[in-house]
Every structure is written in C-alpha cells, then in structure tokens.
Amino acid sequence: MTEKLLFTGKTHNTNGPAGGARSSDGRLDVKLPAPHPAAEQLFGAAWSACYMGAIELAATQRKIKLPAGLAVDAEIDLNLAGSAFFLRARLNVSVPGVDRDQAQALIDAAHTICPYSKAVHGNIDVTTTLV
Amino acid sequence: MNHIAKLLHTAKTATIGDRDNGASRSSDGLLDIRLSTPGSARIGTNPEQLFAASWSVSFASSIALVARERNIVLPARVSIDAEVDLSFGDGGYFLIARLNVRLPGLEHDVAHGLIDEAEQLCPYSKATRGNIGVTVKLV
Chain S
53 MTEKLLFTGK THNTNGPAGG ARSSDGRLDV KLPAPHPAAE QLFGAAWSAC
103 YMGAIELAAT QRKIKLPAGL AVDAEIDLNL AGSAFFLRAR LNVSVPGVDR
153 DQAQALIDAA HTICPYSKAV HGNIDVTTTL V
Chain B
28 MNHIAKLLHT AKTATIGDRD NGASRSSDGL LDIRLSTPGS ARIGTNPEQL
78 FAASWSVSFA SSIALVARER NIVLPARVSI DAEVDLSFGD GGYFLIARLN
128 VRLPGLEHDV AHGLIDEAEQ LCPYSKATRG NIGVTVKLV
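The listed protein sequences derive, respectively, from chains S and B.
Here the first sequence stands for residues 53 to 183, numbered as in the numbering used here.
Here the second sequence stands for residues 28 to 166, numbered as in the numbering used here.
Heads up, some of the hints might be wrong.
To be verified - Calculated pairs, SDA-like style, for lysine to any residue (alpha carbon to alpha carbon, straight line, at most 20 Å): (1) B:K33 <-> B:Y120; (2) S:K56 <-> B:V166; (3) B:K39 <-> S:D129; (4) S:K83 <-> B:R104; (5) S:K56 <-> B:R104; (6) S:K62 <-> B:V166.
What the hints assert, rightly or not - Here are some chain B residues the structure puts well away from chain S; computed CB gaps all over 10 Å: (7) A32; (8) S53; (9) L133; (10) V137.
Simulated from the structure, these hints should not be mistaken for lab results.
Note that the Cβ used here is the ideal one computed from N, Cα and C, for glycine as well.
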C-alpha cells in the first residue's frame, strides 16, 4: 500500500491542578484542571472539523457546490456501565442551501471519507442527523 | 453490556467551517479554538492535535483510576506525549496514534501494568480499537 503521511499532531499533556495540553507548535494550549469534560469537547471539535472537510470533499466529488454556513453541532457522551467507560456520539449537521436528499447523501458519504469516523466505526454508537 | 449504563456527562461543541478555516466552541465556552491547515499562516489548531490532547487527557484519567484501585501512589508529574498522524493511502485517509507515557519514579513493571490496564479502560482506546494503529509506550 502506498501511503503518504500528511501531518502529525503532537501534544504534550500533563496531569494535576496545573495540568494541560500543549501542541508542539504552541497553537493548541489548553488548561485542563480535572475533572472536566475536556477530552470529550476536544474530540467533538476534532471530529466535527475533519468531518466537515469530508462533506466538502464528498460534494466536490459529486460536483455539488456547497454554500457557506456548513456547521456541525457535536455531542459526545461519556458513559459508565459497571466499571466500563464508553462513548456515544451525536453529530447534528447543517448543510444549508443544498437539496435535502443531496445533503443526506453527502453526510452519509462523509463518514466513509473522514478518518475519525473510520477510526471509531463499529466501536461506538454514532447518530448523524441532518438538521 | 449487561450493566445499566449511566451517562456521566455530555460535551457539546459547535463547529463551523472545516479543518482548514473553521472554528469550534464548546457550550460552556471553555473550549474556544480556531482551526487552520498545519504550516499555514492562519493561527489555529487542527483535528490531529485536538484528538491527541483528547485521548491523552482520557488516558491519564484512566491511569489515575487504575492506580487508585490498586493503591498505587502516582508521581506528581505524569505526562503523555501523544502523536496522531493523518495519512493518505489506498483506502483513503487514516490515522495512526502513538502515546508516550511518563510515570517517573514508578517501578518499570508497576508502570507497565498501569498503562496496560489503562488501555483496557480508556474509552478512546476502546473507541478506536482494531480500526487504527496505536502504540502505547512507557518512556
């Protein structure tokens, strides 16, 4: 398989009251005093941003012109069953200015493109809703 | 799953734009970031950095939980250096992750036991299991 590394995101993460996460380029620098739903917020933001890129790519492949105003509201649940933690995700996607059937096809196709959707496929419940 | 699941919390984020020019904000306002293409002039982070931070935070909590259950006192400076690769291959875009964990002052076997168990506990390790390449290393 021919592979090309496009990018590596590097972060240094520390624990405790002064804990936080900082990327090697300093562009991500968040304080994470525990306990805080930081992990789920960060994951929601990561996935949403990449997923929107995938929607754009799906649109380009289908020669559909996307108007501005694409938005994803993500909700990531952290659940506990017995002593097992697990995630659940809801992505509420707004694709304004595109026919509803077309928009649905785009958000479905995007899950097969987005590397975050692929990374969690089959392992967590994901509900994607066109809003 | 034979236990009744309990929702601990829901994180809500609103994201506009995409990984090259977007912005994302959590409902509590504590996360408020801009996104940009790595290496571009625009100031901003990107999904891979966010995911690296997300996974690390959760993995560190998992280590802390396992340590508590085993009555192991963790050193003050637990740290995780995470790297998330975005790559493109025959199957399209894919991720690879490396978590380099530092547990200074702990005996090697004890530290290894902690990170092995944390890998079973961490919901992000579970969410990605079998789907992406993951290396967790004690450094």
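Okay, the hints, checked on the actual structure:
1. For the hint pairing K33 (chain B) with Y120 (chain B), the CA-to-CA distance comes to about 34 Å; that exceeds 20 Å, so the pair is violated.
2. Between K56 (chain S) and V166 (chain B), the direct Cα distance comes to roughly 27 Å. Violation of the 20 Å bound is thereby established for this hinted pair.
3. Simply put, K39 (chain B) and D129 (chain S) have alpha-carbon atoms about 9 Å apart, close enough for the 20 Å limit, and the pair holds.
4. Between the alpha carbons of K83 (chain S) and R104 (chain B) the distance comes to roughly 15 Å, so the proposed pair stays at or under 20 Å and holds.
5. Annotation: proposed proximity of K56 (chain S) to R104 (chain B) is violated, straight-line Cα distance about 35 Å (limit 20 Å).
6. Between the alpha carbons of K62 (chain S) and V166 (chain B) the distance comes to roughly 16 Å, so the proposed pair stays at or under 20 Å and holds.
7. A32 (chain B), annotated as away from the interface, has a beta carbon of chain S within 10 Å; the closest lies near 4 Å.
8. Chain S draws S53 (chain B) into its interface by the beta-carbon criterion, the shortest separation being 4 Å against a cut-off of 10 Å.
9. Against the 10 Å criterion, L133 (chain B) stays outside the reach of chain S, whose nearest CB is about 14 Å from its own CB.
10. At roughly 17 Å from the closest C-beta of chain S, the C-beta of V137 (chain B) stays outside 10 Å, upholding its exclusion from the interface.
The structure fails to meet hints 1, 2, 5, 7, 8 from the earlier list, while all remaining hints are met.
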